[in-house]
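K.L.:
Line by line, the protein sequences are chains X, V and E. With the working numbering, the residue at position 97 of the first sequence is 97, and numbering never jumps. With the working numbering, the residue at position 41 of the second sequence is 1041, and numbering never jumps. With the working numbering, the residue at position 13 of the third sequence is 2013, and numbering never jumps.
These are calculated hints, taken from the structure and not from any lab test. Predicted, not measured: the structure shown is a model, and the values here were computed from it. Do not take every clue at face value.
When the alpha-carbon atoms are kept at most 30 Å apart in a straight line, the in silico DSS-like pairs for lysine-lysine are as follows [said to hold, decoys possible]: (1) E:2152 to X:200; (2) V:1217 to X:200; (3) E:2114 to E:2172; (4) X:52 to E:2172; (5) X:52 to V:1217; (6) V:1191 to E:2172; (7) V:1191 to X:178; (8) X:52 to V:1191.
Take a look, some chain V residues computed to stay more than 12 Å from chain E by CB distance [to be verified]: (9) 1089; (10) 1107; (11) 1132.
Every residue gets a Cβ at the ideal spot worked out from N, C-alpha and C, and that includes glycine.
Given next are the chains, with one letter for each unit.
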Amino acid sequence: MFQGRDIACERGERRIFSGLDFEISPGQALVLRGPNGCGKTSLLRIAATLLKSAAGNLLWDGADVAEAPEEHRARLHFIGHQDAVKGALTVRENIATWSNIRRSAEDRVDAAMAAFGIAHLADTPAQYLSAGQHRRTALARLVASRAALWLLDEPTVSLDADGTACLQRAIMDHRAEKGMVMAATHIELGLDDVEFLQLKPQ
Amino acid sequence: MKPFGAVIARDLRLAVRQGGATFLALVFFLLTVTLFPLGIGPEPAILARVAPGVLWVAALLAAMLSLDRLFQADFEDGSLEQLTLSGLPLGGIVLAKIIAHWLTTGLPLLLAAPVLAVLLNMSDEGFAALLLTMLIGTPALSLIGAIGAALTLTVRRGGVLLSLLVLPLYIPVLIFGVSAIDAAVHGLNAKPHVLLLAALTLAAIPLCPWASAAAVKLSLE
Amino acid sequence: MSMHYFANPTRFNRLAGRIQPWAGGLAAILLVVGLYMALFEVPADYQQGDTVRIMFVHVPSAWMAMFCYSFLAVASAVALIWKHPLADLAAKASAPIGAGFTFLALVTGSIWGKPMWGTWWVWDARLTSVLILFFLYLGYMALWQSIEDGQKAAKAAAVLALVGAVNVPIIKFSVDWWNTLHQPASVMRMDGPAIHPSMLWPLLIMALAFQVYFVALLLARMRMELNLRRIRALRLAERSS
C-alpha cells in the first residue's frame, strides 16, 4: 500500500497545496483531478521523490519512503511531460535501454512494443516517429520492465483513440497483477472502479 | 548487464550515433594548438619551450567545451529524470556518465596530443610524460567539469557561466600536468608532479560525482 | 537560546538595524585612527620608502578576501545542512563584499608592485592566488544571478561555495608549487622584511577596521535582501488573490 500523509507543496515560495492525504492499495487506481496550476504534476513528482514534500511523509507498506528513496524509485514508473526518447536510437533500443538500466530480469521489450502497437516500428530510429508514436514508445517502458507503482502525468497527450485504448489495456493488466496507478488526466481513461482525488487551488 | 554498465553503454552508443561531438572536440583541440605558432611565431625553440603548456591549455578548453553534452540533452528530453528514477544511486549514475564522457572526449584528446606535440616540436623526452599526465589528468577534467555542467543545467545559455565556474577549478590540473612534462623535458624527476596529479584525480573520484549529483537533483526539482 | 532564535526575519531585522550604525561608526573611527598611524606615525622603510604604507591597506584586504570566502563557505554549509533561513542570505550578502576586498588587494598589490618590481603586475604566487580567488567570487555571484528561482539559486550557489572551499587550498598549493618552479632568484617577496613592532599596531587596527566594516556592510546587505524578498512575497500574494 502506498500512502501520503499531510503532503504539502511549495513552488517558488508559494504554497500550492497542503494537508493532502492519499492512499492507494494494490490493484487500485487513483486519478487526480483539478484545474491547471492546482498541483497535479507536483503531487506526482512528490510521489516519485523528484520533489520534496514541504511537510508530512510518504509511506510504502507503512515504512517511510524517505528512509530508502532508491528502493522506492526502483519500484515505480514515472511518465512525465517529456518522453525521454532518443531520436538517434531505434524504438527497440529506446525501450531496451531503459529496461537494461532498470535491471529487468526478463526480456519483455517485444511484448511492450506489441502492447502499444509499435512492433512494426521496432527498427525505426525514433527521430522519424510522429508525436503519437513517440508517446507510445515512452509508454512502452511501463510494460518493458515491471514496477509496482505507475505515476502517469497526462499520459494520453498526443495519443489517438487506438493509443488510448492500448494504455487502458496496459493499465487494466497492471492492476490485475496487483499494480497501483496514480494518474493526472483531463480525459476519461474509461477505467472502471477508479478513485478520484480532487485538488483545489489555494 | 549491470545498470551501471548499461548507463555507460547507453551514453557511448548515443555518442557514436550522434557522432560529431568527439570529432568537434578534436578539431577544436587541433585548431587551438595551430593558433599558437601563428600567434607567437614559428621558431622551433620557442614552440618547444611552450609546447607542454599550450597542449594542456588547449586540452583543458576542448574538454570544457564538450561538458554541455554531459547532462544538457538528457535534461531537456526528460532522460535525466528517468535516470534519476532508475533506482540506482544518483552519484553512481553521474559517475557512469562521467566515465562515458571521458571515453568520448578525454581519451581522444589523449590520443591526439602526441601528434600535436610533434607539430609544436616538443622534445622527445616529454612524450611519455605528456601521455601519462593526460591519462591521469583528463579524467579529473571530466570529473570536475561535471559539477559545473550540473550546476548550470537550468541556466539558459549557460556556456560562459560554465567556463567561469570550471576553469578556476581546472588550474591545479593544468599546473601539475605541465610541470610534470617540463620536468621530463629538462631531464628532472617528473614523479612528484605526476603523483600530485594522481592524488588530485583520486580525490575527485568520490567527491565530484557526489557534488554533481546534488546539483542534478536540484535542477530536477 | 537556540540557533533559530534569530531565524525570525523580523527579529533579525530589528537587531541588525540596531547594530548596524554602531558597527559603521566604529569602523569609521578605527579606519581614521589606523590610517593616521599608517600614514604619519610609522617611519618610512629604509628600503622601500613611503611605498611600504600601501601594506596597511593591502595586507588587511588580502586577509579579508580569504576571511570572506571562509565565511561564505561556512554560511553555505549551514544553509545546506541545517537549512537555517538566514544562512543563504548571509552567504549571498558576503560575496560582493569579499569580491570587493579581493579586488582592493589586487589593485593595491599592483600599485605596490610598481616601485618594488618595476612593473604593474608580477605573477607572484600570492597575487596569482588572490586573482584566482577573485574568479571564484565572480563565478559564485554569476551563478546566483543566472538562476531565476531564488531557492534553487541558493542551493546551487551553496554547492558551488563548498566545492570552491575544498579547492581553495588545492589551488593555493598548486600555485605555490608552480611559483617555486618558475621563481627568478632575486625577486623580493611581498611579505617584505620582518615586521617592525611600530608597524604591527596600525596593521592590526586596520585589520580590525576592515572586519567591523565587513559586519556593518553584511548587515546592511542582508537587511536589503530580506526587504527585497518581502516585496516579492507581497507581489506574489497580490497576484494570487
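K.L.:
Against this structure, judge whether each hint is valid.
P.N.:
So, going through the hints one by one against the coordinates:
1. E:2152 to X:200: holds (26 Å)
2. V:1217 to X:200: holds (28 Å)
3. E:2114 to E:2172: holds (24 Å)
4. X:52 to E:2172: Distance of about 38 Å is beyond 30 Å: violated.
5. X:52 to V:1217: Roughly 11 Å separates the two Cα atoms, so the pair holds.
6. V:1191 to E:2172: holds (20 Å)
7. V:1191 to X:178: Violated. Residue 1191 of chain V to residue 178 of chain X sits at ~62 Å, over the 30 Å cutoff.
8. X:52 to V:1191: violated (48 Å)
9. 1089: holds (17 Å)
10. 1107: holds (24 Å)
11. 1132: Nearest chain E Cβ is 18 Å from residue 1132 of chain V, so the label holds.
When the structure is compared with the earlier hints, violations turn up for hints 4, 7, 8 and for no others.
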